[in-house]
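With these hints in hand, go ahead and build the complete structure from the sequences.
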Amino acid sequence: MEIFMFLYFSLIGTLFFHFFLKPPYYQESRKELFDLNAPRRELLTKSEAAKVNG
Amino acid sequence: MDSMQAIWMAIIFSLTIIFMLWRPNGINETVPTTIGASITLLAGIVPFTDILDIFDIVSGASLTIISTIMMSIVLESIGFFRWIALNIVSRSKGSGLRLYIYINLLCFFMTMFFNNDGSILITTPIIIHVVSLLKFTAHQKFPYLISGALIATAASAPIAVSNISNLIALKIVGLSLNDYIEMMFVPSMIGIFIMGLLLLLYFRRDLPKEILKTPLKLDKSSSNFSYSHPLDQPDRHKSIDWWMFKVCLFIVILTRVCFFALSSFGIPLEWIGLTGAFLLIVIRWKRNGIGVKDIILKTPWHILLFAFNMYVLVYGLKNVGINDFLVTNLTGYIQDDPLYASFIMGTILTVFSNLFNNLPAVMIGTLAITEMGLEGYMLQIAYLANVMGSDIGALLTPAGTLATLIWFHILKTHSIRITWGQYLKVTFIIIPIALFVSLLSLYLWITWLFV
Numbered sequence: 174m175e176i177f178m179f180l181y182f183s184l185i186g187t188l189f190f191h192f193f194l195k196p197p198y199y200q201e202s203r204k205e206l207f208d209l210n211a212p213r214r215e216l217l218t219k220s221e222a223a224k225v226n227g
Numbered sequence: 004m005d006s007m008q009a010i011w012m013a014i015i016f017s018l019t020i021i022f023m024l025w026r027p028n029g030i031n032e033t034v035p036t037t038i039g040a041s042i043t044l045l046a047g048i049v050p051f052t053d054i055l056d057i058f059d060i061v062s063g064a065s066l067t068i069i070s071t072i073m074m075s076i077v078l079e080s081i082g083f084f085r086w087i088a089l090n091i092v093s094r095s096k097g098s099g100l101r102l103y104i105y106i107n108l109l110c111f112f113m114t115m116f117f118n119n120d121g122s123i124l125i126t127t128p129i130i131i132h133v134v135s136l137l138k139f140t141a142h143q144k145f146p147y148l149i150s151g152a153l154i155a156t157a158a159s160a161p162i163a164v165s166n167i168s169n170l171i172a173l174k175i176v177g178l179s180l181n182d183y184i185e186m187m188f189v190p191s192m193i194g195i196f197i198m199g200l201l202l203l204l205y206f207r208r209d210l211p212k213e214i215l216k217t218p219l220k221l222d223k224s225s226s227n228f229s230y231s232h233p234l235d236q237p238d239r240h241k242s243i244d245w246w247m248f249k250v251c252l253f254i255v256i257l258t259r260v261c262f263f264a265l266s267s268f269g270i271p272l273e274w275i276g277l278t279g280a281f282l283l284i285v286i287r288w289k290r291n292g293i294g295v296k297d298i299i300l301k302t303p304w305h306i307l308l309f310a311f312n313m314y315v316l317v318y319g320l321k322n323v324g325i326n327d328f329l330v331t332n333l334t335g336y337i338q339d340d341p342l343y344a345s346f347i348m349g350t351i352l353t354v355f356s357n358l359f360n361n362l363p364a365v366m367i368g369t370l371a372i373t374e375m376g377l378e379g380y381m382l383q384i385a386y387l388a389n390v391m392g393s394d395i396g397a398l399l400t401p402a403g404t405l406a407t408l409i410w411f412h413i414l415k416t417h418s419i420r421i422t423w424g425q426y427l428k429v430t431f432i433i434i435p436i437a438l439f440v441s442l443l444s445l446y447l448w449i450t451w452l453f454v
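Those protein sequences? They're chains A and B, same order as listed. Going by our numbering, the residue at position 21 of the first sequence is 194; the numbering climbs one at a time, nothing skipped. Going by our numbering, the residue at position 374 of the second sequence is 377; the numbering climbs one at a time, nothing skipped.
To be clear, the hints were calculated from the coordinates, so they are not data collected in a lab. Since the structure is predicted, the reported quantities are computational estimates derived from the model, not experimental observations.
List of simulated lysine to any residue pairs, SDA-like, C-alpha gap at most 25 Å:
#1 A/195 <-> B/243
#2 B/249 <-> A/191
#3 B/216 <-> A/190
#4 B/216 <-> A/192
To list a few chain B residues with every Cβ distance to chain A over 10 Å, as calculated:
#5 278
#6 298
#7 324
#8 373
#9 432
#10 454
In this text, a Cβ means the ideal position worked out from N, Cα and C, and glycines have one as well.
What follows is the structure, given as C-alpha cells:
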C-alpha cells in the first residue's frame with residue numbers, strides 16, 4: 174500500500190505540475206526563436222548572416 | 004445516568020449545534036462549542052478524568068490538519084495559488100468547458116494535497132477571481148463555484164488525512180491509515196468520478212462555450228521569471244520564483260507520501276505533518292527572509308479546541324445513553340449482512356450529518372459501531388460507510404459540513420449571492436446518486452477483498 178501511495182502521489186504531483194504550474198511558454202518561446210515551419214527561402218544565407226553579425 | 008440528564012444533554016447538544024451553524028454576528032464556531040462542552044463537563048455528564056483521553060483522541064488529528072493549513076499559508080505567501088489561477092485561464096484557451104474541468108481538477112488536487120476545509124479556503128477565492136476577471140454573469144459563475152466546492156469536499160474521502168473527522172474516527176476504530184486506503188480508495192474515487200460526471204451533465208448547457216482568451220506574458224530576462232496577465236490589474240507585475248514553486252510542491256507531496264510510508268513504523272501523523280510544515284517555513288525564511296509571523300497569525304489554532312469540544316459533547320451523548328438507542332435498534336440489521344451495513348450506516352450518517360454537521364455525526368456513528376460488537380470486516384465496512392455518509396452524503400445540505408458553510412461565508416464576503424435553494428436544487432439530484440454508487444462500490448470492493 175505504501176508503494177501504491179508513493180506511485181499515486183508521484184503521478185498526481187507530476188500531473189499537477191504539468192497542468193497547473195508549468196506555464197504554456199515553452200512552446201511559444203521556442204516558436205518565436207526557431208520557426209521550424211518557416212519556408213527555407215526566408216532564412217539568411219551564410220554570407221548574409223555573416224554580414225549582419227559583423 | 005437518569006432520563007433528566009439525557010434531556011439536558013440533548014438540549015445542550017441541540018443548542019450548541021444551532022449556534023454553531025447559525026454563528027450570530029459571525030462568531031467563531033469554537034465559541035458555542037466551548038460553552039456547550041464546558042456545561043457538559045461542569046454538569047458531570049462527562050467526568051473530568053476523561054479529558055486526557057479525549058484530548059489524546061482529537062489532538063493528533065487536529066495538529067495534522069493544522070500542519071496542512073500551515074503549508075498552504077506558506078504557498079499562498081509565495082504567490083503559488085495566484086499563479087495557478089492565471090495559468091488555468093490561459094490553459095483553457097477560450098473554452099468554458101476546459102476551464103470547468105481545470106477548476107474541478109484543481110479542487111480535487113488541493114484536497115488531496117491539503118484538506119477539505121483548506122481546499123475550500125484556497126480554491127473558492129481563486130474561482131471567484133477567475134470568473135470575475137472573465138466577466139461571467141451570475142448564472143455562468145454558479146456551475147464553476149458549486150462544482151468546485153462539492154468536488155473539493157468529497158475528495159477528502161479517499162485518503163483519511165484530508166479530513167479531520169475521518170482522522171478522529173480512524174483513531175476511535177483503531178484502523179491504520181494504510182488499511183483505510185486499501186478499503187476506501189477505490190470505492191470513494193468511483194463515487195467522486197460519478198459525482199463529477201453528473202455535475203458536468205447537469206451543468207453542460209450552463210457553461211459558456213467561449214471565454215476570453217488570455218495568454219500569459221512571461222519575461223524570462225530577469226533572474227526570476229516575472230509575468231503579466233491581460234486580465235490582471237495592469238499595475239501588478241509579479242515575479243515568480245520557480246525554484247520555490249518546485250521545492251514547495253515537492254515537499255508537500257513528500258509529506259503526503261511520508262504519511263503512508265512512516266505511519267507503518269508507528270510515527271504519529273502529526274509529527275510528519277508538522278515536520279513538512281516546518282521545512283517549508285525554513286526554506287521560505289532562507290530564500291525570502293520571511294519569518295513565522297504570518298503563520299502564527301493565520302493558522303486556525305482553535306481547530307484543536309473545536310474538535311475537543313465537539314468530542315466532549317458527543318461523549319456526553321454517549322454517557323447519557325443516546326448511543327444505546329442506535330446500538331439496540333441497528334445491531335440486528337447490520338451485524339450479518341455487509342450490504343445492509345454499508346447502506347444503513349451510510350444513510351444514517353447522511354441524515355445525522357445534515358441534521359447536525361458531519362464532525363459530531365461521524366463521532367456518534369463511530370462510537371455506536373464500536374459498541375455493537377461487530378467483528379472483522381463488518382466493523383470496517385460499517386465504519387467506512389459512516390465516512391461515506393459524512394463526506395459525500397453530508398453535502399446534501401449546506402449544514403452538512405463545515406467546508407460548505409465556509410464556502411457560503413466566502414461567497415458572501417465577495418458579494419456573490421447563492422441561496423440555499425439554489426444549492427439544494429443541485430445537490431438533491433447529484434448527491435443521492437453519488438452516495439448510492441459510493442456505498443454500492445464500497446460493498447462490492449470490500450466483499451471482493453475479504454470474501
